[in-house]
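Asks: The lines below spell out each chain.
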Amino acid sequence: MKAKIHITLKSGILDPQGKAIEHALETLGFKNASNVRMGKYLELDLRETTQDRAEAEVKAMCEKLLANTIIEEYRYELNT
Amino acid sequence: MNFGVIVFPGSNCDHDCIHVISSVLGQKATPVWHKETSLTGLDAIILPGGFSYGDYLRTGAIARFSPVMGAVKTFASEGGMVLGICNGFQILLEAGLLPGAMLRNKSLSFICKDVHIKVENAATPFTGHCESGQVLKIPIAHADGNYYTDPVTLAALQANAQIIFRYCRPDGKVTPEANPNGSLDNIAGIRNAEGNVLGLMPHPERCAENVLGNDDGRVIFLSMLDALKKASLQPKAVEV
Numbered sequence: 301m302k303a304k305i306h307i308t309l310k311s312g313i314l315d316p317q318g319k320a321i322e323h324a325l326e327t328l329g330f331k332n333a334s335n336v337r338m339g340k341y342l343e344l345d346l347r348e349t350t351q352d353r354a355e356a357e358v359k360a361m362c363e364k365l366l367a368n369t370i371i372e373e374y375r376y377e378l379n380t
Numbered sequence: 502m503n504f505g506v507i508v509f510p511g512s513n514c515d516h517d518c519i520h521v522i523s524s525v526l527g528q529k530a531t532p533v534w535h536k537e538t539s540l541t542g543l544d545a546i547i548l549p550g551g552f553s554y555g556d557y558l559r560t561g562a563i564a565r566f567s568p569v570m571g572a573v574k575t576f577a578s579e580g581g582m583v584l585g586i587c588n589g590f591q592i593l594l595e596a597g598l599l600p601g602a603m604l605r606n607k608s609l610s611f612i613c614k615d616v617h618i619k620v621e622n623a624a625t626p627f628t629g630h631c632e633s634g635q636v637l638k639i640p641i642a643h644a645d646g647n648y649y650t651d652p653v654t655l656a657a658l659q660a661n662a663q664i665i666f667r668y669c670r671p672d673g674k675v676t677p678e679a680n681p682n683g684s685l686d687n688i689a690g691i692r693n694a695e696g697n698v699l700g701l702m703p704h705p706e707r708c709a710e711n712v713l714g715n716d717d718g719r720v721i722f723l724s725m726l727d728a729l730k731k732a733s734l735q736p737k738a739v740e741v
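Protein chains in written order, with this note's numbering: chain A, 301 to 380; chain B, 502 to 741.
The set of hints was computed from the structure by calculation and includes no laboratory data. Since the model is a prediction, treat every value here as computed from it, not as a measurement. Incorrect hints may appear among the rest.
[Unchecked claim] The calculated SDA-like cross-link candidates involving lysine to any residue, where the alpha carbons are at most 25 angstroms apart (straight line), are: (1) K310/A x F566/B; (2) K340/A x Y374/A; (3) K536/B x G555/B; (4) K364/A x C613/B; (5) K607/B x Y341/A; (6) K340/A x G511/B; (7) K364/A x F552/B; (8) K340/A x F566/B.
Isolated chain A, as found in the complex (with noise of 0.2 angstroms):
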């Protein structure tokens, strides 16, 4: 099973980098872009076959180290 994970920061909490980028699409005349949100991006492959068991160990290793849910929050695909 491929899991495929997305992080970004929390609403609410200033991205400095998605600020600089939503600047500099600004910039170069992509006006319609806005609230550009900067995050990580994570692929893995799971030993497991069962899609509760998979989605449980995906979200214990975003909790415990893939993400800082202080600021951040996270969001996953299960594919097999």
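Following the hints, complete the assembly by docking chain B onto the known chain A.
Replies: Quick look at chain B alone, frame taken from chain A:
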């Protein structure tokens, strides 16, 4: 006294700390490799600055799971003094030994320069040699020093006098302009509720002797030494 200086892969201020402890304070400094699991015989622990594990994922996120960190947690829970400087502070946050988290500097830049910090609480084992309100000039060198915590935790930090250092102007005024990195409430250093764990972003070990043109950082190490000496005079010394 015997100060343990934890060495993670990527630590780069460990030798500066060892130099200050041994040459400036005249005390014993023991480097402790991150794979150690015991801190027996050590009187205080310093987590030095650097880029542990290359700052991969988040600063301090991987170092906090080093074998030695279990021993550091036990040491702290038994009342031992733990000082985290810069990356050491970031590791203490990730380990949950101090509350909050670090965000990227507001400017997105790595900032390396002298800043002024105000001693907000001189009644701690880390600041006993200072006067309340004293201004210290100490350099910072970091990209992730923008301290953040939720409003409830911030209120608790303020109410319990856990904010020990705040970025200020040379005259001691705490202003938004004196804040180099966007840190919440100009926070440069905090302690835990029990008072025996301190983290700060500035580097006192880089300015602890006259020959370097600035010895403002020395007071922090002297304060720690005094607190240890006082504690050792008491039987079953746990109070620091």
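Asks: A separate judgement is required for each hint: does it hold in the structure or not?
Replies: Okay, the hints, checked on the actual structure:
no., hint, verdict
1, K310/A x F566/B, "holds, 24 angstroms"
2, K340/A x Y374/A, "holds, 9 angstroms"
3, K536/B x G555/B, "holds, 17 angstroms"
4, K364/A x C613/B, "violated, 31 angstroms"
5, K607/B x Y341/A, "holds, 22 angstroms"
6, K340/A x G511/B, "holds, 22 angstroms"
7, K364/A x F552/B, "holds, 21 angstroms"
8, K340/A x F566/B, "holds, 21 angstroms"
Against the hints set out earlier in the document, a violation occurs for number 4 only.
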